[in-house]
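Dock the two chains into a complex; use the hints.
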Amino acid sequence: MELMSYGTPAGLDATFAALADPTRRAILARLATGEASVGELAAPFAMSQPAISKHLKVLEKAGLVSRGRDAQRRPVRVEAKPLAEANAWLETYRRTLEANYQRLDALLDELKTIPQPPQGR
Amino acid sequence: MTQKLTVDTPDDLKIVITRAFASPRERVFDCLTKPDLVKRWMTGPPGWTMPVCEIDLRVGGQYRYVWRSPEGQDMGMGGTYKEITPPERLVSGEVFDEDWTGGETVATQVLTERDGRTTLTTTVVYSSTAARDAALRSGMTEGMEMGYENLDALLETV
Numbered sequence: 001m002e003l004m005s006y007g008t009p010a011g012l013d014a015t016f017a018a019l020a021d022p023t024r025r026a027i028l029a030r031l032a033t034g035e036a037s038v039g040e041l042a043a044p045f046a047m048s049q050p051a052i053s054k055h056l057k058v059l060e061k062a063g064l065v066s067r068g069r070d071a072q073r074r075p076v077r078v079e080a081k082p083l084a085e086a087n088a089w090l091e092t093y094r095r096t097l098e099a100n101y102q103r104l105d106a107l108l109d110e111l112k113t114i115p116q117p118p119q120g121r
Numbered sequence: 001m002t003q004k005l006t007v008d009t010p011d012d013l014k015i016v017i018t019r020a021f022a023s024p025r026e027r028v029f030d031c032l033t034k035p036d037l038v039k040r041w042m043t044g045p046p047g048w049t050m051p052v053c054e055i056d057l058r059v060g061g062q063y064r065y066v067w068r069s070p071e072g073q074d075m076g077m078g079g080t081y082k083e084i085t086p087p088e089r090l091v092s093g094e095v096f097d098e099d100w101t102g103g104e105t106v107a108t109q110v111l112t113e114r115d116g117r118t119t120l121t122t123t124v125v126y127s128s129t130a131a132r133d134a135a136l137r138s139g140m141t142e143g144m145e146m147g148y149e150n151l152d153a154l155l156e157t158v
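Taken in sequence, the protein lines are chains Y and H.
Counting in the working numbering, the first sequence runs without a single skipped number right up to 121 at its last residue.
Counting in the working numbering, the second sequence runs without a single skipped number right up to 158 at its last residue.
Incorrect hints may appear among the rest.
Only pairs whose alpha carbons sit at most 25 Å apart, straight line, appear in this in silico PhoX-like list of lysine-lysine [as the list claims (entries may be wrong)]:
no. : chain 1 : residue 1 : chain 2 : residue 2
1   : H       : K39       : H       : K4
2   : H       : K4        : Y       : K112
3   : Y       : K81       : Y       : K54
4   : Y       : K61       : Y       : K81
5   : H       : K39       : Y       : K112
6   : H       : K39       : H       : K82
7   : H       : K82       : H       : K34
8   : H       : K14       : Y       : K112
9   : H       : K14       : Y       : K54
10  : Y       : K81       : Y       : K112
11  : H       : K39       : Y       : K57
12  : Y       : K61       : H       : K14
13  : Y       : K81       : H       : K14
14  : H       : K14       : H       : K82
15  : H       : K14       : H       : K4
Since the hints were derived computationally from the structure, they do not count as laboratory data.
One chain only, chain H, in its complex shape (with noise of 0.2 Å):
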């Protein structure tokens, strides 16, 4: 019974994504938070792994990820806490080392809880609508190189 992802495009600068889930928020605050976790779930479509993920949870700490893909290549970014309110709201900034979103994107994500399950809506807020348009074009290229298939087998695991 998690409620499903929805992705919006509010206004021309925005993407908004929401998702709900079947723990408390103290445990998907966690989740976000804490390296050794977030290492398991943010590695992106099958066959990527997350060889880098550094958190300094201090408002004006810095996080870096790095994503590989099967083929080697690695994909990295990175950024500065803004606003740390455990368990209920996370701003970071956000650059990646290619920087093709044309500079800092900001992302505050909002948990709230109720009956014991968690809705967490990402707000990513980008410098222009090019760059919310290539973070979108991103996406539908990493869909791609999933596959139907795997997204298949994937579905029947959970």
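Bound conformation, chain Y alone (with noise of 0.2 Å):
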């Protein structure tokens, strides 16, 4: 398989569509405690092995998760490096978005010394 490009449109995508999944997001939530087999990830869904290896195959895809080469086990240990900069992506966009809602803060305790007109309720 290709190796991902970090950090590229492409790679952020990929990140993104596979973050999207709430059992991917339980998966990995699971893995941020430590590496486990594919049966151990399974047990605390109501699904079947076939099923969460699909998503594991998403996860792998977007590089979020690695198997180990432990050829009975295969553990499964997850990435950090594109969750970190999913991360990073979210956190720039909410930059911008606090920027004018601090300015709509200082507009509206300046609103507060406007006496109101009176509203038909």
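Written out as structure tokens, the structure reads:
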């Protein structure tokens, strides 16, 4: 399989698409506590191992998890880098919005000193 | 004691933005819908202005926003109001002039008030995952233009 090129738009799209599913987010949350086999990952979900394997393939393609070499167990572990990059995108988007909203805070504060015209209720 | 801004991507088409304001929702609603008020805060990164802000606040009515960069480049967008329930709910379609979001997105703004404070929840639904991620990326570009120094200065004023 081709290596994902992290930080490119395509890489981020794959990351966000992979993160868009609640089961896959739950799998990542579980893996954040340590590596696990497919069987161990499937246990808490009402899902077959093949269904879990499908989700793992999406996560692996997005570079979010990797599989160990141990042929018997092939433990799954989380890869931190693409997650950190997705977070960085969100964080900067957040900053731009926050700049707008901080001006709105100031405006609302200023409006408090102006008597409100009677409102028809 | 403003509640921190949160940005979430609960599924592959949405961005959900939540922020609380220390004012009743009538006032926040005014700030979202009256052009002379909108122009004063929705200006984007420092140095940008909002030369055009037209709002026809009726269901089926149009609004149009244009932002201008410090270099004089304009970025416009507009759309149609789909639902207006003052002071609690506002649903509008939006399309950027360059249409980098690949068609219309729909923004739903819900205002809830508690103890004189208003929480504004904005849910933006994009036409595709690629469009949603493009929006997130544009946020990054603008954020970088702001520079951290400007941001620090801004944070000190509030």
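Outcome of the hint check:
Note on K39 (chain H) and K4 (chain H): the hinted pairing holds, with a Cα-Cα distance of about 23 Å set against a maximum of 25 Å. Between K4 (chain H) and K112 (chain Y), the direct Cα distance comes to roughly 21 Å. Compliance with the 25 Å bound is thereby established for this hinted pair. For the suggested pair K81 (chain Y) and K54 (chain Y), the alpha carbons sit about 22 Å apart, so the restraint of at most 25 Å is met. For the given pair, K61 (chain Y) sits about 14 Å from K81 (chain Y) by alpha-carbon distance, which is consistent with the 25 Å threshold.
Between K39 (chain H) and K112 (chain Y), the direct Cα distance comes to roughly 18 Å. Compliance with the 25 Å bound is thereby established for this hinted pair. Pair hint K39 (chain H) plus K82 (chain H) holds up; C-alpha atoms about 22 Å apart against a cutoff of 25 Å. Among the hinted pairs, K82 (chain H) with K34 (chain H) is consistent with the structure: their alpha-carbon atoms are about 17 Å apart, no more than 25 Å. Among the hinted pairs, K14 (chain H) with K112 (chain Y) is inconsistent with the structure: their alpha-carbon atoms are about 34 Å apart, more than 25 Å.
Between K14 (chain H) and K54 (chain Y) the alpha-carbon distance is near 23 Å, which keeps this suggested pair within the 25 Å criterion. A threshold of 25 Å between alpha carbons decides the hint, and for K81 (chain Y) with K112 (chain Y) the separation of about 46 Å lies outside it, so the pair is violated. Pair hint K39 (chain H) plus K57 (chain Y) does not hold up; C-alpha atoms about 47 Å apart against a cutoff of 25 Å. For the hint pairing K61 (chain Y) with K14 (chain H), the CA-to-CA distance comes to about 22 Å; that is within 25 Å, so the pair holds.
Pair hint K81 (chain Y) plus K14 (chain H) holds up; C-alpha atoms about 23 Å apart against a cutoff of 25 Å. Among the hinted pairs, K14 (chain H) with K82 (chain H) is consistent with the structure: their alpha-carbon atoms are about 18 Å apart, no more than 25 Å. For the suggested pair K14 (chain H) and K4 (chain H), the alpha carbons sit about 20 Å apart, so the restraint of at most 25 Å is met.
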